[in-house]
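Number of protein chains: 4
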Amino acid sequence: MAGSSYGTLFKLTTFGESHGTAIGGIVEGLPANVSIDLNLVQKELERRKPGQSALTTPRKEADELQILSGIFEGKTTGSPIGFMIANSNAKSEDYLHMKEAYRPSHADFTYQQKYGHRDYRGGGRSSARETACRVVAGAMAKQVLSSIGIEFSTYVSQIGHVIFSSKEFFNLAEIEANNVRCPNVELAAQMTARIQEIQAAGDSIGGCIQCVIQGVPVGLGEPVFDKLHAELGKAMLSINAVKGFEIGSGFSSLGMTGSEHNDVFLSNGQTKTNHSGGIQGGISNGMPIDFRVAFKPVATIMQDQHSIDRDGNEITIEGKGRHDACVLPRAVPIVEAMAAIVLLDFYLRNKAIHL
Amino acid sequence: MAGSSYGTLFKLTTFGESHGTAIGGIVEGLPANVSIDLNLVQKELERRKPGQSALTTPRKEADELQILSGIFEGKTTGSPIGFMIANSNAKSEDYLHMKEAYRPSHADFTYQQKYGHRDYRGGGRSSARETACRVVAGAMAKQVLSSIGIEFSTYVSQIGHVIFSSKEFFNLAEIEANNVRCPNVELAAQMTARIQEIQAAGDSIGGCIQCVIQGVPVGLGEPVFDKLHAELGKAMLSINAVKGFEIGSGFSSLGMTGSEHNDVFLSNGQTKTNHSGGIQGGISNGMPIDFRVAFKPVATIMQDQHSIDRDGNEITIEGKGRHDACVLPRAVPIVEAMAAIVLLDFYLRNKAIHL
Amino acid sequence: MAGSSYGTLFKLTTFGESHGTAIGGIVEGLPANVSIDLNLVQKELERRKPGQSALTTPRKEADELQILSGIFEGKTTGSPIGFMIANSNAKSEDYLHMKEAYRPSHADFTYQQKYGHRDYRGGGRSSARETACRVVAGAMAKQVLSSIGIEFSTYVSQIGHVIFSSKEFFNLAEIEANNVRCPNVELAAQMTARIQEIQAAGDSIGGCIQCVIQGVPVGLGEPVFDKLHAELGKAMLSINAVKGFEIGSGFSSLGMTGSEHNDVFLSNGQTKTNHSGGIQGGISNGMPIDFRVAFKPVATIMQDQHSIDRDGNEITIEGKGRHDACVLPRAVPIVEAMAAIVLLDFYLRNKAIHL
Amino acid sequence: MAGSSYGTLFKLTTFGESHGTAIGGIVEGLPANVSIDLNLVQKELERRKPGQSALTTPRKEADELQILSGIFEGKTTGSPIGFMIANSNAKSEDYLHMKEAYRPSHADFTYQQKYGHRDYRGGGRSSARETACRVVAGAMAKQVLSSIGIEFSTYVSQIGHVIFSSKEFFNLAEIEANNVRCPNVELAAQMTARIQEIQAAGDSIGGCIQCVIQGVPVGLGEPVFDKLHAELGKAMLSINAVKGFEIGSGFSSLGMTGSEHNDVFLSNGQTKTNHSGGIQGGISNGMPIDFRVAFKPVATIMQDQHSIDRDGNEITIEGKGRHDACVLPRAVPIVEAMAAIVLLDFYLRNKAIHL
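Chains as they are written, first to last, in our numbering: chain A, 1173 to 1527; chain B, 1173 to 1527; chain C, 1173 to 1527; chain D, 1173 to 1527.
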């Protein structure tokens, strides 16, 4: 059972390696007979695209979306939407030295061991380039969700030790106001400085992304195993470089007592506090959903590193190529896309509860 | 698409409410023609069972496992294993006051809104009682995994502010040496004291469970979406009261640089450090897998709480019944069971990679 | 990926061997908050039950349904419905001679080879006894479908060479009017005579079951792979002893030209003829669905047969035990149950097409 | 749950409409590190391609396969294989008259009713053009299966009333010896004559395809629901224009008694007769698998037909365009492809039975 699909009723299946002919996918279950604005989808791709600002890798990829099926006269037909994004500007020669090498904390070793054969160029299938396909499906899902009032606010809340503690809902303009995609101007500047410092040192740094979802109707989530936050957790942990996930009070709940933590009801069914993060018993309760996603510092650094090759020989990996010192700004649309994919899937699943 | 199943090739489907006739499930995909020691399964159930120590609820449940099919002459036949655990000692009258009430931070409100009808007795389907079924399937999976060298060490690493920082592998005797299931004797005593204090106050408290898995072969995990740690994350987040999950360096990676975080290879393919937590690119790399699971303080407390009923009337929920002030000790076998279910499933999935 | 589940949104998972403790299953996805009449379910079980008439095996099984969860105060809660039927009157000693024997055209050989271990008593998992679980789920599905106007008419249309050519919709009373469940009185008598003749000879005989479904809304079916008739075909072919399936014109279409076969539209969207059998392009078109299911003569006969044992030794299988010479009358509720399971699943799936 | 995927461990997901930009798909689960000869895949496409002989539509499509991912240096990497086939020579203007029209026994009406919006050009998603994607996946599966000794023989066994009764295994050269793909020279000539006669009359005709599979190991099939022949049945019934399926003795078993029908074992585990069609209890028994697939006469005829449009107005559909009077010759590779997809999937599933 290959792991190239995500979702059940709304489902994305992807293909493609970093330096192959193309990446792409098939979106199934997007509701029929709805308008999809492909310009908005392309815009989301551009938020993820490398080379978009001084904070990201100078590697340029056009990332131009081609729709192959399923949308006719601007509207979905209910048939699967095939799409592709051609790979271009792939300097595979940059990766020839990787053919036999196992880069530290990359997937070279595990892919080679698991499959016995791999496309080593640019990380092949293990490259985060595949996340562009997630952004495509997510951007479509967001349009549909927006039409029923579900809206997303996703932003960088931590870079290294610089922390923006907030569960507030910011609009897109506030988030896009700076390259780091942190809506707090002052902290964004500190984050930017920290990334530039790390960049100059040829190193990398991680951080945290906050996602807040408003307008979620009560009832999304399928206990006991497919609790809404469990699936959100899987969706986030499936993104490259993610090492942790927490919902609502998360790890900070460990320092609280039940009497402090319980969300007391108001008479309208809302709650005074929202330590539950909008989900109780695995089902959305109508309060905003909020979660955080921890990204480790990415493995590619511009420093020489000791490593081994396929035969176990000790080698030195040179720090070269075109990479991000910090992927957090580019990861914002990916987190949001995966959240939208999960939400639309559970919205459709919830419809099947009643005749 | 109901959420009562977990896994793909190795799959558990469960049924049952807290105070219904029985809980139970069907285990599919347990390899054929292997011996299963049902006493070991029953023992795992007893580690989860209420009333096992002064630290847990005095509510007594026999939790006696009945196998209905799939095991013949002590060995699996490859056919589905049906099992059930009768509900007994269910004092449903304790819950009559809950019929119309929505308890804070429970699932009463969300179940009622989602389904329009619910078994309110003892929390019904939303009760953590269903996790006994997970323990059954997990205990079977562990026996199979043990035969191929995969072993689990799961223990309490935090209660409130008392923290046992460790990624060490402890054996079962060390973990079972005290009621709190923390292998550090001194910290276990502090944790015990803290739980008793909370118990006396009629309140509740959360904590963290650490799981370490040894002997995992290289190659388990199905990128790009079904990364091994993504599925572990979902499995853990599907357990009642869990609010967070982290693998390897987890949230603490945010304070590191890439050059600090990267796991340098030894010539034998192992790594000097294990910030990756045994998984790289979503695939096990042969190093120990380690992750942490955050449990919030449970919602049931022995204090009066303000709340509402189905009609939005303000009510007071009295703190009564028989409950755990801290579920962590009883959650240890649940975490381990879910980890075993995921590992066996991915072990079988990995076999399908090659002819 | 074990094959114990059927359906996607409405799903049945079953367990149990012929002579084990019990058979049973879990029904997921039955719409929430609907009333289920369990007496009607039990009645369907009795139509399938052995020993119900002179035409069926004298073996008596109580087949008493026990609901374990998911129905509360007479209505579904949306939670999985666990159920079981205890095995009783299982004369396992009748099967001791089968422990090492491979009966011709049974599954003894294939189960032993596939799994390496099997419950040989009464055919174990390969016994048609498991179909009782299908009848339970189907009887629930039929109640839900009936509430939206979908009705089934299933009857025996052929026994050996006695053929009742009809695609008419008969009501339950007409079908139940005789033991053979053929609504044509005269042909039913001929069928009965033929079965008794075969019974007397210690032999067995096959036949055909016709199913007609009325009131199906336009739109059920999920091309391109999950066409409605493709799934109906799989559902029927999964029943023990079934060797063929045809929809609408079926195999008889081979003798027609397109101009004869095409179903011309009336102005109201209905068609003059219904060679399509109610399904076009894999999607129901609102006309009655009709299909036929071919059952071979069952393998158990009351005659001595030459065979082999596990070690390849030649043996003689004695014709003994309590068996049906013709399963067709008892297979009627099974065919209908599987049809209902498919229809309800596709009804729910079709809801997900639109927001 | 959209119906665009087939298979579980080996899985094909397809997209594309007849006159859209392209059709294509994603193949998951093809074993890693095996060589795939893409020329052989292209050759299979050419057996399905229109315009290949005087017996098929003069419509020419290049049907050139483009692999987008998953095959590197001639070998599979275990990553999903994305592929596409550009649509060319699509004379959409031929279909403008169909925009509002519902052609008899086509899917125009059902697609419009189900989805509310459709790509009407050339039948859109309901066109048999999508089966080219099945041929691609099937051709890959066949190469893998061939390496373990599983071989297919698929041929036309009936056109109208001309019947070639055979369950023999013919090799590819024998089948390809004539345009009709019937290995009996004399009957092939009669079939050809019949097709030309029908073609001249502007009508269409159906027929039957026989498939024989040799070298299948004992043990494939996952009872109780995913019996091997049940899945083969679904696979075949999912092909456009198929109305019936039978395995082994099929519908002709209705005229036999059990004592005639039972397949007596030889001491080597094989059977003297093969009425079971190579499958017992849903599991392959090592004997050749044989089944037949009934194709109705296709709906498109070169005659004027009475019909209705979207608004219920009575209209006349003119018989024009470029179509096959008989699709059987071109359907041979499609049947074989679907059989190969099912066999490889069950081969992989069977591996998961044992550790």
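Honestly, I wouldn't trust all of these hints.
Any copy will do: because identical chains look the same in the list, a pair fits if it lies in one copy or spans two.
[To be verified] Once the Cα atoms are required to be at most 30 angstroms apart in a straight line, the calculated DSBU-like pairs of lysine-lysine come out as:
id, residue 1, residue 2
1, Lys1215, Lys1339
2, Lys1523, Lys1492
3, Lys1523, Lys1247
4, Lys1444, Lys1271
5, Lys1247, Lys1492
6, Lys1247, Lys1444
Calculated from the structure, these hints are not laboratory results. Note that this is a predicted model, so its numbers are computed, not measured.
Intra- versus inter-subunit Cα pairing at 30 angstroms for Lys1444 with Lys1271 | between (57 angstroms within a copy, 23 angstroms between copies)
Between Lys1247 and Lys1444, at a C-alpha cutoff of 30 angstroms, which is it: within one copy, between copies, both, or neither?
-> The answer is neither: 41 angstroms in one copy and 33 angstroms across copies each exceed 30 angstroms.
Within a copy, between copies, both or neither: where do Lys1247 and Lys1492 come within 30 angstroms Cα-Cα?
-> between (45 angstroms within a copy, 29 angstroms between copies)
Evaluate Lys1215 and Lys1339 at a C-alpha cut-off of 30 angstroms and name the case that applies: within, between, both or neither.
-> within (25 angstroms within a copy, 43 angstroms between copies)
Indicate which option fits the pair Lys1523, Lys1492 if close means a Cα-Cα distance not exceeding 30 angstroms: within, between, both or neither.
-> neither (51 angstroms within a copy, 36 angstroms between copies)
Evaluate Lys1523 and Lys1247 at a C-alpha cut-off of 30 angstroms and name the case that applies: within, between, both or neither.
-> both (22 angstroms within a copy, 19 angstroms between copies)
Against the hints set out earlier in the document, violations occur for numbers 2 and 6.
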